[in-house]
Structure formats: C-alpha cells, structure tokens
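Q: Residue strings, one per chain:
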Amino acid sequence: MIRIYRQLLVAQIQAAAQYRIQAVLWMLFSIIRPVIFLAAWTAVSTAQGGSVGGYTTSDFAAYYIALTIVGHLTTAWNSFEFEFEVRQGRLSPKLLRPLHPLHYSVVENLVWKVTTFLPLMLVCLVIALTFQVKWSGEWWHLALFVPSIVLAAALSFMIGWVVATATFWLQRINTVNTLLQRTSFIFAGQIAPLALMPIALQVISYSLPFAYVLAIPAEILRGGVTLERGLLYLVGQAVWLALAIVAYRFAWRAGLREYSAVGA
Amino acid sequence: MYAVTPMDAPVVDVRALRKVYRVTERETGLAATFRSFVRRRYREVLAVDGITFHIDAGEVVGFLGPNGAGKTTTLKMLSGLLYPTGGEATVLGHVPWRREGAFLRGMTLLMGNRSQLVWDIPAADSFLVLKEIYAVPEAQYTRTLDELTDLLDLGPLLHKPVRGLSLGERMKVEFAAGLLHSPGVAFLDEPTLGLDISMQGRIRRFVAEYNRRSGATILLTSHYMDDVVALCRRVIVIHHGVLLYDGALADLAERMAPYKRISVTLRGTVGDLSTYGEVVSSNENLATIHVPRAQAAERTARLVRELGDQLADISVEDPPIEEVIDKVFASERPLAEAMA
Amino acid sequence: MVRYLRMFRAFAASEFQFEMEYRGNFYLSIFEMFLVIGTSIGAVLIMFGHTTTMNGWTLPEMIVLLGVYYLIQGGVNLVFSPSFERLMEHVRVGTLDFHLLKPVNVQFLVSTRHLRVVRAADLGLGLVVVIVGLLQVGAQIGVAQSLLFALSLFFGVMLVYSLLLGLVTLSFWFVRVENLLAIFWAFTEAGRFPVDVYPLWLRVSLSTIVPIGIAVTAPANAIAGRMDAVGVALLGAGTALAVGIASALWRRGLRSYTGASA
Numbered sequence: 592m593i594r595i596y597r598q599l600l601v602a603q604i605q606a607a608a609q610y611r612i613q614a615v616l617w618m619l620f621s622i623i624r625p626v627i628f629l630a631a632w633t634a635v636s637t638a639q640g641g642s643v644g645g646y647t648t649s650d651f652a653a654y655y656i657a658l659t660i661v662g663h664l665t666t667a668w669n670s671f672e673f674e675f676e677v678r679q680g681r682l683s684p685k686l687l688r689p690l691h692p693l694h695y696s697v698v699e700n701l702v703w704k705v706t707t708f709l710p711l712m713l714v715c716l717v718i719a720l721t722f723q724v725k726w727s728g729e730w731w732h733l734a735l736f737v738p739s740i741v742l743a744a745a746l747s748f749m750i751g752w753v754v755a756t757a758t759f760w761l762q763r764i765n766t767v768n769t770l771l772q773r774t775s776f777i778f779a780g781q782i783a784p785l786a787l788m789p790i791a792l793q794v795i796s797y798s799l800p801f802a803y804v805l806a807i808p809a810e811i812l813r814g815g816v817t818l819e820r821g822l823l824y825l826v827g828q829a830v831w832l833a834l835a836i837v838a839y840r841f842a843w844r845a846g847l848r849e850y851s852a853v854g855a
Numbered sequence: 202m203y204a205v206t207p208m209d210a211p212v213v214d215v216r217a218l219r220k221v222y223r224v225t226e227r228e229t230g231l232a233a234t235f236r237s238f239v240r241r242r243y244r245e246v247l248a249v250d251g252i253t254f255h256i257d258a259g260e261v262v263g264f265l266g267p268n269g270a271g272k273t274t275t276l277k278m279l280s281g282l283l284y285p286t287g288g289e290a291t292v293l294g295h296v297p298w299r300r301e302g303a304f305l306r307g308m309t310l311l312m313g314n315r316s317q318l319v320w321d322i323p324a325a326d327s328f329l330v331l332k333e334i335y336a337v338p339e340a341q342y343t344r345t346l347d348e349l350t351d352l353l354d355l356g357p358l359l360h361k362p363v364r365g366l367s368l369g370e371r372m373k374v375e376f377a378a379g380l381l382h383s384p385g386v387a388f389l390d391e392p393t394l395g396l397d398i399s400m401q402g403r404i405r406r407f408v409a410e411y412n413r414r415s416g417a418t419i420l421l422t423s424h425y426m427d428d429v430v431a432l433c434r435r436v437i438v439i440h441h442g443v444l445l446y447d448g449a450l451a452d453l454a455e456r457m458a459p460y461k462r463i464s465v466t467l468r469g470t471v472g473d474l475s476t477y478g479e480v481v482s483s484n485e486n487l488a489t490i491h492v493p494r495a496q497a498a499e500r501t502a503r504l505v506r507e508l509g510d511q512l513a514d515i516s517v518e519d520p521p522i523e524e525v526i527d528k529v530f531a532s533e534r535p536l537a538e539a540m541a
Numbered sequence: 348m349v350r351y352l353r354m355f356r357a358f359a360a361s362e363f364q365f366e367m368e369y370r371g372n373f374y375l376s377i378f379e380m381f382l383v384i385g386t387s388i389g390a391v392l393i394m395f396g397h398t399t400t401m402n403g404w405t406l407p408e409m410i411v412l413l414g415v416y417y418l419i420q421g422g423v424n425l426v427f428s429p430s431f432e433r434l435m436e437h438v439r440v441g442t443l444d445f446h447l448l449k450p451v452n453v454q455f456l457v458s459t460r461h462l463r464v465v466r467a468a469d470l471g472l473g474l475v476v477v478i479v480g481l482l483q484v485g486a487q488i489g490v491a492q493s494l495l496f497a498l499s500l501f502f503g504v505m506l507v508y509s510l511l512l513g514l515v516t517l518s519f520w521f522v523r524v525e526n527l528l529a530i531f532w533a534f535t536e537a538g539r540f541p542v543d544v545y546p547l548w549l550r551v552s553l554s555t556i557v558p559i560g561i562a563v564t565a566p567a568n569a570i571a572g573r574m575d576a577v578g579v580a581l582l583g584a585g586t587a588l589a590v591g592i593a594s595a596l597w598r599r600g601l602r603s604y605t606g607a608s609a
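Protein chains in written order, with our numbering: chain A, 592 to 855; chain B, 202 to 541; chain C, 348 to 609.
Since the hints were made in silico from the structure, they are not lab data.
Glycine included, every Cβ here is placed at the ideal spot set by N, Cα and C.
Just so you know, not all the hints are guaranteed correct.
Not everything, but these chain C residues come out facing chain B in the computed CB check (under 10 Å) [as the list claims (entries may be wrong)]:
1. Arg356
2. Ser361
3. Thr399
4. Leu447
5. Lys449
Could you put the whole structure together from the sequences, leaning on the hints where they help?
A: What follows is the structure in structure tokens.
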C-alpha cells in the first residue's frame, strides 16, 4: 500500500508542478471568505469598544487566521471531481483498476495542500500583520491541533465522498453541494466563532459534523479551549469520522449496484 | 444604399493578395517561458504569396490546393476576418476587412468544420436570432426559410436541438443559417467535410440549385474532387500560397498533367509493355500505361500495330482529375516548372 | 437602438426556450438562490446580535446593501457572464469568426448574446431584500433618491461589466483566462459588506482592481441618502471611463485577432 502511494505521489507532484499558478489561484478561494468576515468582526468589535462576548479584536484575528489555515487544510473537492468523471464516462475504466478511486483523490488532495502551503502562510502573515494578531495558546494546543486537523481533513474528505456517491442516483449534485456549503457556512463557524452564535444555533452546530471540520480545529489552534474540552472535541471528531466512513461504505456499495444496473 | 457595381465588374476582385503570419516561437521550461515573456521571438510564415484573380457574378468557382496551401487564409481575407499583409481585394465593391455593414449583409462564409449554431437549442430558435441580427424583414424571412426548407428538406430538423442532429443534418441546417439573409456571395470552406457519399451528393445538388435559383456567386474549397467536378466549371489552384492554375476545369488535365493514360485489354496475359511507356498497373489481361502527352498518338498506333490480334480493346484518355491534382501537389517544385 | 433592442429580445427569447427545456434545473437554481440569500441574511443577523452598527451601518442598511449585492451579481450573471463564457470558448475553438461576420457591433454581440434567464430570479430576490431593508429603515424614499439609486445601480453593473470585458479580452493573447476570472469571482464575495470595513490594502484592491466594493456600496449609500447627485455623477463618469478603457482594449484584442496589428 505504501509503495502504491509513493508512486501515486510522484505522479501527482509532477502533475501539480504544471498547475502551480492554478493551484495558488484556487487557494485564494479558500482564504477570501475568512478575511472578509474578519474585517467585518473587527468593525463590530471596534464599535463595541474592543471586545464582543469575550472575544477581543486580536482574538477575532487569531480565530479567523486559524480558520483560514484549517479551511485550507481541510478543503475537499472530490465530489465535484467525481461527478465530472462520472459524466465524462471516466469512472468505469477507473473501477477496473485494482485500486479504489478514493486513493487517487487522497494523494491529489495531499499534494495540492502541500504545494500551496507556503503561499498560504505568506498570505496569513500579511493578514496577521494587518490585523495585529496575538497568539494566546499553550504548547499543548499545538500538540492537540495535529490530530485534530488530521481528523478534520479526513472528515471533510469523507463527507465529500458521501456527497460524491449521490452522483450515482442524481444527474447533477450541484444543488446537494450548495445545500451542504450553505449549511456549513452557517454552522461551521464561518460567520462567527461558535461561542458568539445564538444558543439554539450553537446546539445545532455542535450536533452537525461541519463545525468539527472548521470551527473546532480553529479554536484549538487559536488556543481558545481548555485541555479537557480539547480532548472532548477530538473524541467528537473521531465519532463523526467513523460515522462518515460507515455512511460512505454503505452509500458506495449501494451506488455501485445502481451504477452497474443502469450501465455506463 | 446599394453599392453601385457595374454589371460587368467582377463580384470578387483580388489583386496581388498577400498574407504573412507572425508566429510566436514557444520554448519549453520555466526560464525560457519567462524569457519569451520579456522578449518574444517571431517566425514569419508566408501563407498567401501575391495571388490575383477575378470572379464574375453568378460563377461557381472551385478553389483547390492541398492542406496549408493558403485556401482558408484567402477565404478569411475575402470575408473580412483577416487583414492581408499586402495587396488589394474587393468583394461586391467593398474592401472586405473594413467590415462595412452592407458588405457583411451581402456575403456569407460557411465552414464545414465549424458550427455557428448553438448546440443546446433547436435551429429554428437560432434562425430567429439571425433574422434580427441581419434585420431581415418578416416577409422575406418567411419566404427564404420556406425555400431553404424545401430545398434542403429541413422540415423535421428545425425543431430538434442541434446537438441531436447527425453531421449531415447539421450541415444542412448550417447552410440554411448561413443563407437566411440571402447573400449575393457565398464562400464555402469544405462544406462536405466528413459527410457520407449520399449526403455529399445532397449538399452538392443543393449548392447547384441554389446558385441557379438565386444567381449567387460561389467560391468553394473542397478535398473531394467530386464536389468540384459536379459544381464548378472553373477552378483556381493554389499551392504554397501561389496561384498555379486559373481556368476551365476541363482544361486542367491538359495543362497540368504532362501525360495521357492508355488502357489496354488483351486476349492473353499481359507481357512486358514497358517499352511503350510507364506501366502504372497490370494484372492478367488489363494494363494501364502513362505516356507523354505529345507522344500519345504515336504510342497508341505502335501498340495497335505491334500487339495485333492480342489486343481486345484500347482507350486513350486524360488521367482522372484527382490524380492530376495529387501529382501537382506532391511535387515540391515551383509550378512554373511543373507546367512547362 | 430599436434594432439592438429587438436583437436583445431575440437573444433572450431563444435562451428562455432553452432553459424551459430543462425546467428541473431551473427550479433547483431558484431554490439554491433562496438558500444562498437566506443564509447570507442569517449571517448579518447573527453579527448584529452583538452590535447595533458596523462602521456606521445599521442593520436595515446592511440588509439593503446585501440586496444590492445580489442585484448587481444577478445583473452581471444574467447577461454578461454567460455571454463571456461562450466568448472565451469561441476564441479557443475558432467560432468567434462567425460573430465577426455579423453586420452588428461585435462587442454588443459577444457581451449579450447568451443569457442565463434563471438569474432574473436573483434580480427579483435581490429587489425584495432591498425593499424589506428599506421598510426597516423606515425612511421616506423620494423620487430623486430612487432615481439616484437606479442610476448608481446601473453604473455599478456597468463597472463590473467593464472589468469582466477587460479580463475576457485577455483571452486573445493568453489561453487560460479562466483563472483570472476565478480570482475575480473570489473577490466579489467581499461585496457583501460595505467597502469601508476592510483594511486599507484590501480596500484599495477591492475598489481599483475589482471595483465590486464601489459597485455595491454606492447604490446602497444612494438609497440611504448618503450619496448625493454629485457623487452619482462622479460614479457615472468613472464608469464611463472604465467602459471606455475596456472597449478600447477589446478593439485592440480584435485587431490582433484579425491580424491588423502585432
């Protein structure tokens, strides 16, 4: 398995080298929204005399920079790509190969994140300087962040695959994706740190998987959680990941049955 | 306003038309890409090298030449899509590349390999858009469309999305789209490209009939000699951007093929005939021999005399037009030499 | 002028019929739009749960701004972006030739030929949001103010149009312009908040490189009575300048396409 991954990795890095500029441009997509909301919250916080609900202006900056990094590291575009491949009739040849299609996109995803990480950090540095951010975390926040971001990325990736399997039944999954993105927009901590949401929305946020992809790793990275809370969050992430994997396996099998029944 | 063109003035008038493309040299590698961004390197490609010809109203002229001879470039200049590097041209009394409204309304360009119709919607809807673009009056539009529908058998095709049509059906609809505004000049670039034999014939008959009915002037390029033979009494041949021949199709072989073809049928098997000329094919009792044009009569007489009773049949003819054209295009020699 | 209006009507009619063929997609995109606008309003409401003003903008004014944002986006997406998408394809495939053969203004043709009629629904929704916001503001909106609003909205759309045209024109020289457009769309997201909340460097780039900030904020200001006729006139002059530059670039691109220069 590791050997296969190494081969895939080499191939993907070569492919990525050709799309360097494109990769950086797409990165802009994943960072522009946190910056926009950071600017808005800075305006609110200033209007309120420097802090809102326990978040200082600097806290907002730290949160949204963390969210930028988390958002970038957890992006998954596999559902779009999968739909495209199915429509172009490229899935069937892939299914004939001994390797599950999932592995190709894992490697592709990793390579993109690694190649765009440096430009991302530069952008974050500029944002950090503009908004005068101060990091208030402890060393164990960073230690917690590592498993947390891995779980988050895996969770986002698996959610993407569950959505992708919808392609087997629906012609276009555009609407499903929009639905998901807008739900994530509200409940994943993009509009505001979860603590600043109305209590009812907070409850919903914690019971949906989206916050475990974005807001929770971001809060950990920012240093905004206690150790016990942080560990609890990790458990929550693990549970959601397990659920997503089960859902995916179920949907993939049922979907393939549907796919081969219809014929491609 | 009507362009005042005297009746005897040519509809298409081309004088010493030239086109040189500047092609950017692309290098590979990041550093080279960056260098070429700062200072580009160009290579000049001569596509059309000073050609001159005239076409009169109502003529159907075949424009022949191998790939890359400059046919499409010439058509694009004549339809105003490309600026020439040198020379002059008028079409319907207008300089094409000034792209005046009266000129654009008076001509059409149809390309066999490109489609102007929107794929997702039925052709009838695209036609309505074209009607507005060309400001075709309602009555005229109805009349033209009826006529085209009749000529091309469009009836069932107009209300299906274009993507659902076969290649041949689509070409018929393309023709209708290009002719809705009743242009006086039509440039047809490979209009039968990729079509099957029967559809090629259909399109050919349409072009001939359209020319007869409307009196439109037509300049046509095609890879299929059958198109040209069926439609054009006159052909213009270009090669490497230079005009090789301009005249009657019937005289093309005489002018450009320095040989004639003698076909013999024997009563027995064919022996060695190479003393009579170049034997291009022989099997069992049939043989084909190429002989220099000037000696055709003498060689034929010799064949009849020397083969005597063995000879069942003999005929002398010009080589087929495809073969002539192929021979001319295959030679890299300048044409003057080929024609000498 | 009448001729061009007739042409535009023919474009719209043909595209409308196309979309009616795929009615399912039509309804789904309207549903998506409700979702997008609804959640965006939700976001503003959540933020204003913690404050009463943002850089001097009250909640109802922010709602108006959001409505304007979707109005402008709807306007651009209704006509220009679908037309430009096809234009880039025409340049790549070589079918732009057919447009050049038409006896009409080519810039008009390539900018308006293809509409995405369903986006008219966005215009409607945006307008509803603006009206709801205005009712909350409770101010009396005079005829003059409405006129200024309509004018600045038109200028806003044309400002975005000029930028898009400029970007798309680059496809005459470069093959992959889609990437630039992707940046453009990423930045338009910033239009959902008033341009003055952004830090200076971002504001400069939003207003100059991607004038979406101005395009959205100006009409919202106009209807809130914070922008007078002089301001709108200045906006109009700026827009005219931008459109002028963009069409000069377009003509240059066309000349290089036909080999008249370079």
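Q: Taking the hints in turn, state whether each one holds.
A: Here's how the hints hold up against the structure:
1. For Arg356/C, the shortest C-beta to C-beta distance to chain B is roughly 8 Å, which falls under 10 Å, so the interface hint holds.
2. Given hint, Ser361/C at the interface with chain B, holds; its Cβ is 4 Å from that chain's nearest Cβ, closer than 10 Å.
3. With 10 Å as the threshold, the beta carbon of Thr399/C stays out of range of chain B, its nearest partner Cβ sitting at about 50 Å, so the hint is violated.
4. Proximity of Leu447/C to chain B holds as hinted, the smallest CB-CB distance being about 6 Å (cut-off 10 Å).
5. A least Cβ separation of about 5 Å between Lys449/C and chain B falls short of the 10 Å threshold, and the interface hint therefore holds.
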